[in-house]
Every structure is written in structure tokens, then in C-alpha cells.
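Novice: Using the sequences and the accompanying hints, generate a full structural model.
Here are the chains, one letter per residue:
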Amino acid sequence: MEDYKFLFKVVLVGNAGVGKTCLVRRFTQGLFPPGQGATIGVDFMIKTVEVDGEKVKLQIWDTAGQERFRSITQSYYRSAHALILVYDISCQPTFDCLPDWLREIEEYASNKVLRILVGNKMDREDREIPMHVGEDFAQRHDMYFLETSAKEAENVEKLFMEIAAELMEQARSKELPRYDTNSPTINGRSTSVGDGSCCSKIS
Amino acid sequence: MAIFKCCFETQLSDFFEPMVQKCTDPGCCCWCCSALRPRYKRLVDNIFPVNPQDGLIKNNMEKLTFYALSSPEKLDRIGEYLYQKAARDIYRRRNGLVVIAMEAMDQLLVACHAQTLNLFVESFLKMVQKLLESTEPQLQILATQSFVRFANIEEDTPSYHRRYDFFVSKFSAMCHSNHTDRDWCNKIRLAGIRGLQGVVRKTVSDDLVENIWEPVHMDKIMPSLLYNMQNARYPISQPDSPAPHGEEDRQDPPTLAESCMRELVGRASFGHIKSVLRPVLRHLDLHKLWVPNEFAIHTFQIIMFSIQSQYSYTVVETLMAHLDDNSTSSPEIRTSIADVLSKIIAIAAGESVGPSVLEIINSLLNHLRVSVSKLAKAEDSARHKLVSREGSTHEKLYQEALINALGEFANHLPDYQKIEIMMFIMSKVPHSEQDGDVLLQSMLLKSLLKVGTKYQTIQLNQAFPVIFLERLLRMSVGPNPDMRLLVNKILHTLLDRHRNLDKLLKPTVDVDSLKLAITKSSRLDAIFIRKHGGDIFLTLYESLELSNNTVETIEAAYTTTALICIELVCEESVCDLLRLIMTIQDLALTSSKLSLHQKYQLHAIVSSLLALVPHCVPLASLQTYADKVIATRIARAPYLLPPLLRHYDSTVVPTGDVLLDQAQITACLSEAGLDATQMARPQPGSLQHRHSWVDSGMGANAVDINEVDSVSSSPGVVKKFPEEELTFESLKRILSPENVESRKEAEEETRLRLSETYRNAPFGELVRHTQSKGDVLNERLSQLLKKLATKQSLRYLSERQATERERDREEDQRSEEDSEEERDRFGRHSPRGHSRSQSTDRDMQLPPAPQPLYESLFPELFVY
Ligand SMILES: Nc1nc2c(ncn2[C@@H]2O[C@H](COP(=O)(O)OP(=O)(O)O)[C@@H](O)[C@H]2O)c(=O)[nH]1
Ligand SMILES: [Mg+2]
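In order, the protein sequences belong to chains A and B.
Going by this note's numbering, the first sequence wraps up at 1560, each residue one higher than the last.
Going by this note's numbering, the second sequence wraps up at 1884, each residue one higher than the last.
Derived from the structure by calculation, the hints contain no laboratory data.
Just so you know, not all the hints are guaranteed correct.
To be verified - Cross-link-like lysine to aspartate or glutamate pairs, in silico, DMTMM-like; alpha carbons within 25 Å at most:
no., chain 1, residue 1, chain 2, residue 2
1, B, K1094, A, E1461
2, A, K1362, B, E1142
3, A, K1469, B, E1234
What the hints assert, rightly or not - Covered stretches of chain A (in silico footprint by chain B; criterion: 3 or more residues with CB under 8 Å from a CB of chain B, positions within the stretch not fixed):
no., region
4, 1395-1402
5, 1424-1432
A virtual CB, placed ideally from N, CA and C, is assigned to each residue, including glycine.
Specialist: Written out as C-alpha cells, the structure reads:
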């Protein structure tokens, strides 16, 4: 009956201008938006993909990078199943802020959240962060790592598909035992109107 | 039978309907099975037109509704089917059909009875969510409208498994829309706010459905509303955009967000307030909305006016705590927060009772204290390193803001609490005159002054509880002229019942032109001045003796004296005042410490006060005399008249008839039939007969205190009230109305006799007498204080340990009354450090000032 079997919430964070919105647009709409304004607060997109013949719905929450929206954006971390932390490979400061972002995630997100580090704009010639540096950082902090280009559609599909697959994997292996409704983690997300069916399907 | 027939008919007619339309659906595999499809599906299919632009087919919709009403058990399947159709249409971007499906859902929702809705609602909400997930603004707005419609329906049996977090998340996101088209942006934001309002309405009445007050929701809702409100100054809609139609549409996001916030805050119960306020404070912090603070003020006023009034105190408390959290922020931010506090604190004042009042005051004073020490440090380093003093300026503004908040708060409390607060603040004023303390002293006195200006004096004995008056007087002869000025200002505002203060700020001999408001002083006034006049006049005199007086401090002392003259002085006490005036003249003539300028300034206030007296007490001949002296001065010694100058060219030592003459004034008094005997001893120091030593008969209630009863230690008077038992009962008896009257009279009598003794006994003898008693008295007093101190701490301990609450409270009450009495006696008994009373022992070490009542009642407030 339902048009998906799993529902996962994915939140993108990272400094303003690293290309979060472009990544989401590329993935959900297949385009690279020309000159859209900076995201305010939070934006929302949805995409249903297929993994192993199962429909997986991804709710994607794209957040504003600016400090002043931190209060609203943080409130979305809590219920995230996956957090994509994005930096711009051609902009050192966006990489330098990663520890701050990690601290935020530590504080506001579930500790079981799937964390992915993404170095975006890999198409750019003026790279400042070598790939292995990003990789090292990700490894040290127990995150998945990927370099992408929203512009050239490089690794974007892969990024989200891997996330979907990984989350589904987790859901299948750990979820079969009953989940706890109070915890917002993937193992026990609370039911929402939309999620209801998803959860009931899993069991 | 009827139903069967009806069904049959419809089936027949369905069979002949165009099948092409249905076959566009992959869900419907072919036309041949359509006849076998369940009836509800066919009814649903029939509401869709061939051409989406034609809109919902009304007739068929009626049929569907009728069907749903008559077979409510089918409602959930109808809902599910409609949802699936819409989901497919969304996928194929056939928005026209989606709109129709949603419309049908809406109609069914409204038409069907509440108890049958439950399952249908699930499909309905899935549909709404589906639409909200679409990227089309049009569908999102449509979905919101449907959601709001749903939110306004009361469901009989709420569905406890239903969750609204998606809606809160999505609506909050919509509140932040940055759609490039301004019109759409506005519409999406409005929809977001309405959606949030809907969620709140739907959930607020039942926490079990969804606790909307959870931080996970509030942290989204509050910033979303605030974000829209703060944009009020930058309207999104262009002025030239066409005027929208309809009541709902006319609202702009800021207005709607604001009314939504009012509604939300108004529904918050005590446990929810923190989760409402926390995101507000964070939002203001992050969006840097404290400086400037218009929006913060606006927001907090909205909160204060919508919150259930019994909780308004919590808002103040929370804001105060935020000030704590910002202790390391820039003084500008702190000033702004304190300013917001001052703007809303008044609203809370009406609801604050008991300890909460003192807690607020205490917290403000603590902030002040911290700021003072911060400032002291800053000034210190500024002195040494010559760094900029800009920080200090901001810090001072912050202190002003705190004092304002304090004043605003006090302003809205009943007067009796203002007195309590003034005494509380006084208890916090540091006693020592060390460098660091002076700043704090002056800040606290400024706060005190602020509260004092809000107090409307009616009875002076209420405005000046003994212990409070004593502290004030003691400080009015402190070494620091700025402090003395502040203390005088406090006295001014508390004394000035007839609003003459402005006219009396500068000394003048032209009293007529002042148009003073003077009424005859009451009996209570007379008692007050009789009790305290001696202390007050002596203190005034002593303050004028100080060599670091400035024009301002001398003028302030003049103003105080003039106000006392207007408010309090009557025939009975006019001699004392005139004697003060004469003594000041003597001081100006004989002092070796004062500068020539200061002496001229004293002469000037002497003439101004002399001119004032006959306006307050009808003494015609004194008026004539005053006029004469002033005329003489105008002619021959204008430098002895106001205005007070900083510098005088003259060096003449005035003599002769430019001066006030003792004998002539005495004659004026005698002529008016007043007893002028005290005028006979005009030498400085003659003011020192101190009522405070003698009038303490009232309310004696402790054996050990009674031992030092001043009555028995006073010369020539037999101890008066041997019947006094020192129990609670006796105290009650004494305080019962009849007793008070008779006691008062008896007391009066004692006092009169005592005063008589003091007035008539030779000065030297008096000195001798009191001196000998002085040591004994002093010793007894310190014993007494020790006892009291242990008694109070014991009481506090016993309170802590007591297990029986009830008995405890009773005892508490009693001891409260006890200690009140004790304190009162203290107040009057403890001789002040400044007294150069008959005892010449000026350095006589005094026991520390007694602990005020609150200090023992709320010891936790007194931890520095
Ligand atoms: N060269 C290049 N530019 C990109 C890429 N992704 C985003 N940008 C540009 O980076 C800027 C910021 O992108 P945006 O998605 O708004 O960043 P956000 O603030 O993280 O959402 C825009 O000017 C984009 O055109 C990319 O993969 N390659
Ligand atoms: Mg963005």
C-alpha cells in the first residue's frame, strides 16, 4: 500500500556556502541551481530511492550555516538518522570549523547518528584541502568520508545512496528487536504520521 | 432493501461511465474489472473530472459524502484510497487533481461525525504530509489550510499514537522560506505560522497526544515565530503589491507570528515556561537582538502580557538568570538585558509576594555588586596602565540600568514593601569606608534613592523605621561628601510630603515667592519630631561641621532642614529648630576647621532658614525680626545671604546686627507664649539632649533588656513600669488598643519629665551623670547583643532541625514578633558612633548594627 518501506531523516550541516543546498538540489531535483539565496533557518526536501528492491524515503533537512540560525537548526539534529557534515575543499576555513561542528553534533544529535564527512566542490582547481587530509579527519572522528561535486554531479547520488543503504543495513540488523519509542535514534525512532507505516513495516 | 436498490442503481450507472478516464491509472488494470471494484472506490473516482480545471464534480461529491455518512465504517478506506490517488498525482505533477483530492478530504472531514473520524484522519494527515513534502508552494499552502481546518475539529477520542513532529519541523521550515518570489515567500511563511498555530491548538489541551512543550518542539516553534516577528521592520511584501482579499490573507507574517506567540504563551502552565523562554533567549542571543533592544523589549512585553499572570515572576527570574549567564558579555549587552528587565519588571511586581520580592531585589543588588567590583578593577588598571576608560562608561550605564530596574520594580509594589526594600538595601550597604566599598555604597544608596522617590510618604514614622533612620543619620555624617549628598537626597524624598522639594533645593530668603505648600503638622508628626528631632538636628549640625563640605552638601543640609521645618516643626519643636539655626551661626563664627567660604555659606543658610521658620509656625514677631536681619544683610553684608558661592571676595568676620541675636529670638518666642528656656544655652553642643535615650519605655519585653532600660538609667526618674512581664502574652496585652493608649499617655508623661530634667539640670551635671552611666550601659549593651545573636542563630538552627512543621510555624511567628520588638529596642538603644553625646568619649566602640529581621528570616539571601 505505502509507497516506501523505510523512512530516514538526513540533516546537512556545515558552514554557509560550502554547497549543502546545491548537494540536496542536485540529488533531489537533478540540477545545479544558479544563484539561489543563502538558506534561512531550515529547508526541506524529500526523495524516495530504491535499495535492494526496497523503497526508501529520505527526508532531507538542509540547514543554514550561519551562526544566528543555530538555535533552530540544532533542534533538527536530534531526530536525524544521518548527519552530513560538509566542507568546501577549496576553502580552508570551512575545514577548520569542523571541530566546532562536531562539538555541536556531539551535543545535540543522538550518539548513534550516522555521520558522514563530505568535502564538496571537488571540481574546483583551487583545492586547499588535500583529499587525504579530509579522509584522515573523518577516520579520526569515526565518520564516513566522501568528496563530491554538486556542480558536476560527482558522487552526489553515491553519497545519498550509501547513506540509505547503510541506514537500511542498520535498520535490518538492529531493528528487528523491538525499538524504543522514546529514543530518536535509528534503532528507535518515534512514530510520526508518515513514519508510522515505515516502522510497522520493519517489524 | 432500500440500500440494496440504491447500490444496484449506482453500479448500473457506473458501468456505463467512460472507462477511459479510469484506465489512466495503473492501479486500475483494465476497464473490465472496474465494475467489480468496490463501490467506495467508484464513488471516489467519480468525483474527479476529466479535465482537472473543471474542479471537483459537486454532485458526485455529494454522493460520496452521503455514502460516507451512511456507511461510516467505509470512511477509512475512502481516505486511504483518496490518499493513494493523490500520491500518484503528485508524483505525476497533476496538481489539479491533487487539489481536488484534498478538497474532497476536507469536505469529508467536516461532514462526518467526530467519533467515526479516527481512521480517516490518519489518511487525511498522510495526505497533508504528502502535499507538504512536495516542492510546490501551492500544494504546501493548500496542505496547511487543510491541516488548520483539521486542527479546529475536536476529536472525541484523540489518537495517542499520532505524532506531530513532522508537521512542527516542516511548518517551522516554511516559516523560514526564502522563496525568490516575495509574494510566494510571504505566503509560505504565513502558511508555516498558521500551521504551527494549528499544531499548538490541536495538541495543547492534551499532553498525551503530543507534548508540544517539549524542547524538541519549542526549540523550533519559538525561533520560527521570532524570526518572523523580528522582520516586522523589514516588511517582505512590497507596498505596491495588490491588496490581498479576505480576513486571513490580510495578515502579514509578523502580525500573525505575534498573535500566535501570544496564544502559545498564554497557554503555558508553570512547567512549560522554561521551555518557552529558553529558545527565546537563545534566539535573541544568536540574532544579536539585545543591542539595540527594541525587539527584545517588544518580545518580552508580549510574553509578560500574555502569560498567566501568576507566572510572570518566573519570566523575570529567567531574564535575571540570563543576566547571570551574560556576566562575561559586554556591558552593552548586560545593560540592554537589564533595560529589558526594567521594562517588564513592573508587570511582575503586582504578582510578586513575600520572599520573591526580596529575591528579585537581592539578585539585582548582587548584579550591582559584581558590576561595582568589575568597575573598580577596570578603573584600577586604567589608572595604572592608562588604558581607555570607555569600558567603565559602559559599565556605569549598566549599573544605571540595574538601578532603574530596581526602581521600576519597587515602584509597582505597595508602599509597605517599599519600606521593606529600602531597609533591605540599607542592610546591604557596607559599613566601612574603605575604597572599594565607597563605590558600592554609592550604588546602593542610589538604588535606595530610586526606591525612595517611588515611595509616597504619609506618616513619617512609617517612612523612617527607627533602625533605618539611624543608619541614614549615621551615614549623613560619613567622611565622603558624595555619600552625604546621596543620603540627604534620600531624606529629602522621604520627607517631602507636600512636593516642595524643587522649591527648596537652593537656599533663599524670599520665602513668599516660593509658594510653598504648608499644612499644619499633625499629632503624629509632633510625636515623631519629639522622638527623633534631637538626633536629626544634632546630625545636621555635625554634618555641617565637616571641613570637606561643598556648596552642594551644604545646600543639601539646608534642604533637609527646610523640609523638616515645613513637614514637622510645630510650636512645641520650633525652639529646637531655632537653636539649631543659632548653633550653625555659632559654628560659622567660631570654627577653626572651616574655610572662610564655608562659613559664609553657613551664614547664608542660617538666614534662609530663619526666613522660613515664621512661614511654618505663626510667629509674627519672629517674622519681623527675620525681615530686619535680612534687610540689614542686604544693606551691609550681602555675602551672608544666598545664593551660596564657591568663592567669596569678602574676608570680613561678621559682627553686630548682621548676625542673629539670641536674646531677640528668645524674646520673639516668649512673646508668642512659647517656652524659650532652651534658647538660653546657645553654645555649640547644647543640642545634644537626646530623646533617643529616654523614650524607649514602649514594648520592653526581655528581662535582660529591661536591665538597661533607659528609664531606670536616666537621671531623676524612677523606673516606670514595674508590671511589665516579658512574655508573648504580656506583649499582646501591651499592644492591645486600650493599653496602647494608656501606655502612650504614661510614656508621654515620663518623657516630658525627662526632658524637663535634661533641660533644667546644669549642663555639666548632665555630662557627668551620663558619662558614669555610659560605661555600664555600653557593657550591658554588648552583652545583650551577644545574647541576641546566639538566640537568633539558635532559632535558625532549630527551624532547620524541627520535624514538626506546624509547631515550628507557631514558634516562628512568636519569635518573629519577639525579634521585631528586640530590634526595635535595639534601634533606639544602640547609641550611634557619631554621637558626641554628653559622654565625651567619641571613640566609644559600638557593637555591630543589629541584624535586620529579613536577614535572620532569609539567611540564604545574605551570602555575599
Ligand atoms: N564549483 C562548485 N561550486 C559549488 C558547488 N556546490 C556549490 N557551489 C557554489 O557554492 C555556493 C554556495 O552553495 P550553497 O549550496 O548555497 O551553499 P550552502 O550555504 O552550504 O547551502 C554557490 O554559489 C554554488 O554555486 C560545487 O560542487 N562546485
Ligand atoms: Mg544553503
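Novice: Confirm or reject each hint.
Specialist: Cross-check of the supplied hints:
Restraint check: the Cα-Cα separation between K1094 of chain B and E1461 of chain A comes to about 49 Å, which exceeds 25 Å; the hinted pair is violated. For the suggested pair K1362 of chain A and E1142 of chain B, the alpha carbons sit about 17 Å apart, so the restraint of at most 25 Å is met. Between K1469 of chain A and E1234 of chain B, the direct Cα distance comes to roughly 21 Å. Compliance with the 25 Å bound is thereby established for this hinted pair. Figure legend: the region 1395-1402 of chain A, annotated as covered by chain B; annotation consistent (8 residues with Cβ-Cβ distances under 8 Å, at least 3 required).
Coverage of a stretch by a chain is defined here by at least three residues with a beta carbon nearer than 8 Å to that chain's beta carbons; for the region 1424-1432 of chain A and chain B the count is 8, and the condition holds.
Hint 1 alone, counting from the list given before, is not met by this structure.
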